[in-house]
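Engineer: With the sequences and hints as input, model every part of the structure.
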Amino acid sequence: MKKGLTFTSILLLVSAIALLAGCGQSPKEKESAQTEPANSQVQTELIYASSKDINDMNPHLYTGSMPAQGMVYESLVENTPDGIKPLLAESWDISEDGKTYTFHLRQDVKFHDGEPFNAEAVKQNIDAVQANAEKHAWIKLSTKITSVKVIDEHTMELTLSEAYYPALVELSMTRPYVFISPKDFKDDGTKDGVSGFHGTGPYKLTAHKVEENATFEANEDYWGGAPAIKKITSKVLPAGETTFLALQKGEINFVFTDDRGADSIDVEAMDQLAESGDYQVVRSEAMNTSMIVANSSREDSPVQETAVREALWVGIDRETISKDIFNGTQTVADTLFSANVNYAKVDLKKREYDPELAKNLLDQAGWTLTDGEVVRKKNGQPLAMKLYYDSNSSSQKIQAELIQYSMKELGIQLEILGEESTSIANRRATGEYDLLFNQTWGLAYDPQSTIAAFTSDSAYKHTTSGIAEADELYQKIDAVMVSTDEASRQSLYADIMKIVHDEALFIPITNGRVTVVAPENLDGISFKQTQYELPFEQMNFKYIN
Amino acid sequence: MGIYIVKRILLTIPLLIIISFITFVLINLSPLDPAVVVLQAQEVPQITEELIAQTNQALGFDQPFMIQYVNWIMAVVQLDFGNSYVSGEPVWSLMGPAFMNTLKLTLVSSVFIIALSILLGVICAMREGKLLDRSVRGVSFFLTAMPSYWLAAMMIWYFSVKLDLLPTSGMDSYRSYILPVIVITVSYTGIYFRTVRSSMLSNMNEDYVLYARASGLSEKKVTLHILRNSLQVAVSIFCMAIPIVLGSTVVIENVFAWPGLGRLSVKSILSRDFPIIQAYVLMLAVTFVLFNTLSDIINAAMNPRLRKEF
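Protein chains in written order, with numbering that gives the first Met the number 0: chain A, 0 to 544; chain B, 0 to 309.
Hints are supplied without guarantee of correctness; some may be wrong.
As the list claims (entries may be wrong) - Examples of chain B residues lying across from chain A (beta carbon under 10 Å, computed):
{"hint": "1", "residue": "Asp32"}
{"hint": "2", "residue": "Gln41"}
{"hint": "3", "residue": "Ile46"}
{"hint": "4", "residue": "Gln53"}
{"hint": "5", "residue": "Ser86"}
{"hint": "6", "residue": "Pro96"}
{"hint": "7", "residue": "Tyr148"}
{"hint": "8", "residue": "Pro258"}
Unchecked claim - Residues of chain B placed beyond 12 Å of chain A at every Cβ, according to the derived structure:
{"hint": "9", "residue": "Leu9"}
{"hint": "10", "residue": "Pro13"}
{"hint": "11", "residue": "Phe20"}
{"hint": "12", "residue": "Leu28"}
{"hint": "13", "residue": "Met65"}
{"hint": "14", "residue": "Leu131"}
{"hint": "15", "residue": "Leu200"}
{"hint": "16", "residue": "Ser201"}
{"hint": "17", "residue": "Tyr207"}
{"hint": "18", "residue": "Thr292"}
{"hint": "19", "residue": "Ser294"}
Treat the hints as calculated values from the structure; they're not laboratory data. Even for Gly, the Cβ is constructed at its ideal location relative to N, Cα and C.
Structural biologist: Put into structure tokens, the structure is as follows:
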């Protein structure tokens, strides 16, 4: 037993030493040891917190982190507020019938492994994407590509089965039509994985410790000029307190909104960092619309009535949601698409918050409140509905509670249920819902992606199919996607937006924006058309502290 | 003794089979189509009927339930837990490193928990009812009752941000261990030292203590005698401390961004990466069974009566 006690005392001694070793240095020694390298690091390096690992960076699949993929890989063209601009393709020609696209590629581009970027590489990449076409069904272009031809070293031709105007927009997306060195292919393709991650982008992936961090270094040979920020590290940190503390300590110095549009620290924490003078908070313009989707095709549910949907719309106080729940970081949305979305400058009737109007609408539709009751009824059926929200989103829960309260005032019994996002997606696909929270695809994808989803069984088919104009709506959607004429596209989109707006199928709540928290002296912070990526290559430090 | 050990180990086999079956069944009770789950885990933006059929066939979900189970368990026996739905990588290649990271944290913490529990338990028992005993118990009650994530956040704020002594999170060097180990130790020592203390106290009233004192043994020797007997009870509890800590690092790992099993399991649960969840549940269950068996064997070795009863 003596041995046992000696063991215990050794343990205690060891623990004391371990603790002392951590705390031993005097604060001053510590400062000189740490602050200097930290400071010089801060000036050329960004360390951002991400709640997710970068995962598999195969650009032709969907598990990789989009901000990371955006740094490493590039597409043929780029989507900007001023329309489609050249990127890896310097220019392009579109045939009269809208079926053939000829791309003239940049000649000074190399993959990170030194392989030349040429028409052959483009063909191999697009073929690799097409070989896994089922997975890319969401991007309609994948169903329309019939062939990719190499014309010469720097010219390639893409042939479609029919004219498809959003082709260029879809080619500009973060994935899947981006390019990885064919040397990284496995079994002549990418669908079963890749052996390396060499793109053509401004940053190279140089190190990756799963679930810990990933390092990206500036591509000094980048065709667009070497970026000023030389090193970017993505550090896996849980959102919230730890991220905030790590920012305060300077272990990380950059944070931005995640894939789902959620901020990793709350508004008050951001304000506190900005007040300290070390950080700035930058917000993008509206990127997407968060909304409540109403299932018009659900039998026996009051939600299939237009008047009920309209009453819900005018009964929701979006001003309060924007101000009190989002502290103004999300702005009130009046329509499905914000005005900065292509083709979305359409004159639609504005539905202001007006509980009295909501009551009138319900009364007129026959949903009446008898004395002493709290829920309206029509032919004995109570005006009761269920609203599903993402249980992982704290803001959706609060919104749902607020809406539930407002509806009670109107005589609508709204049951709110929090579920995992996957199960909400499942409800959307099977039509088992009255109302659920959702969001539009976002600037770079809209209006075409959200609108294409109106006709898709796994997306909004249940939402849209119950209205009288459903067939007309679907015909117009089919027509707009193949239209080659700008004016007719404009008018078709306007009609589509008007139909769903008048029917109140998608009840807009707020417009989401991307938030960046960055060192105060970081310059050149801008945004892309998607909420998923940031143009890091345009950033630089104004001055050195 | 040898026979006891063999018997005891053989007994775990049916238990493990039952656990594996329950694990498999529970996860397959999910109302969602497994192919849809896989595709959602892979974040495929839009899931079509063709894709679902293709995935069902590719992953063998179209086969009868029992065949799926037998295939799974046969693979599991060879440590093949299948591939992650999300990354497509073998589950073991993801679980292995995460398990090692959590194990490191667990072992270091367990050593501290056991050492501190014995030390505090003995001291408190010797000073029963005195100020020292009462204050140690009071402080430990307070610390055990504190939510560990809160304690962790306060420690990070004070030691990492304010004093700038330690990293806030991650697993970079031995310095990264200090805060999480302290938080885990603080949360569990309070529970375990009480067991040592009460076991010491009940032993103190036994006849053999009276006899030892009467036969003129020094007080120090008497105490060691009591401790030896008291630890028998504690052994089984300490054996279970390791799997308990192993399974409960979820909160700590999330606060400290520790790349371990807890983090992996939460991530897998959120993305419904079933092969990883199954492997995680099974592995924890096996750890519990093994440590339980181990504690029985140690107890039997220390107390021959237990061997006979078996």
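Engineer: Hint by hint, say whether it matches the structure.
Structural biologist: Each hint, compared with the structure:
At its closest, the beta carbon of aspartate 32 of chain B sits 8 Å from a beta carbon of chain A; the interface hint therefore holds under the 10 Å criterion. For glutamine 41 of chain B, the interface hint holds, since its Cβ comes within 10 Å of a Cβ in chain A; the closest pair sits about 6 Å apart. Against a cut-off of 10 Å between C-beta atoms, the interface hint on isoleucine 46 of chain B holds, since the closest Cβ of chain A lies about 5 Å away. A cut of 10 Å between beta carbons decides the hint on glutamine 53 of chain B: the least distance to chain A is about 6 Å, and the hint holds.
A least Cβ separation of about 5 Å between serine 86 of chain B and chain A falls short of the 10 Å threshold, and the interface hint therefore holds. For proline 96 of chain B, the interface hint holds, the least distance from its beta-carbon to any beta-carbon of chain A being 7 Å, beneath 10 Å. Hint on tyrosine 148 of chain B holds. Least Cβ distance to chain A is approximately 8 Å, under the 10 Å limit. For proline 258 of chain B, the suggested interface contact is upheld, since its CB lies about 4 Å from the closest CB of chain A, less than 10 Å.
Every CB of chain A is more than 12 Å from the CB of leucine 9 of chain B (nearest about 32 Å), matching its label as outside the interface. The beta carbon of proline 13 of chain B sits about 35 Å from the closest Cβ of chain A, which is more than 12 Å, so the claim that it is off the interface holds. Distance check on phenylalanine 20 of chain B: its Cβ is at least 25 Å (rounded) from any Cβ of chain A, clearing the 12 Å threshold; non-interface status holds. Look at leucine 28 of chain B: its CB is around 14 Å from the nearest CB on chain A, clear of 12 Å, so calling it non-interface holds up.
Remark: the non-interface label on methionine 65 of chain B is consistent with the geometry, its nearest Cβ contact in chain A lying 26 Å away (cut-off 12 Å). At roughly 17 Å from the closest C-beta of chain A, the C-beta of leucine 131 of chain B stays outside 12 Å, upholding its exclusion from the interface. Interface exclusion of leucine 200 of chain B from chain A stands, the closest Cβ pair being 19 Å apart, more than 12 Å. With a minimum CB-CB distance of about 19 Å to chain A, serine 201 of chain B clears the 12 Å threshold, and the non-interface call stands.
A cut-off of 12 Å between C-beta atoms confirms that tyrosine 207 of chain B is not in contact with chain A; the least separation is 15 Å. Even its closest Cβ contact with chain A, about 23 Å, leaves threonine 292 of chain B beyond 12 Å, as expected for a residue assigned away from the interface. Separation of serine 294 of chain B from chain A is adequate, the least Cβ-Cβ distance of about 18 Å exceeding the 12 Å criterion.
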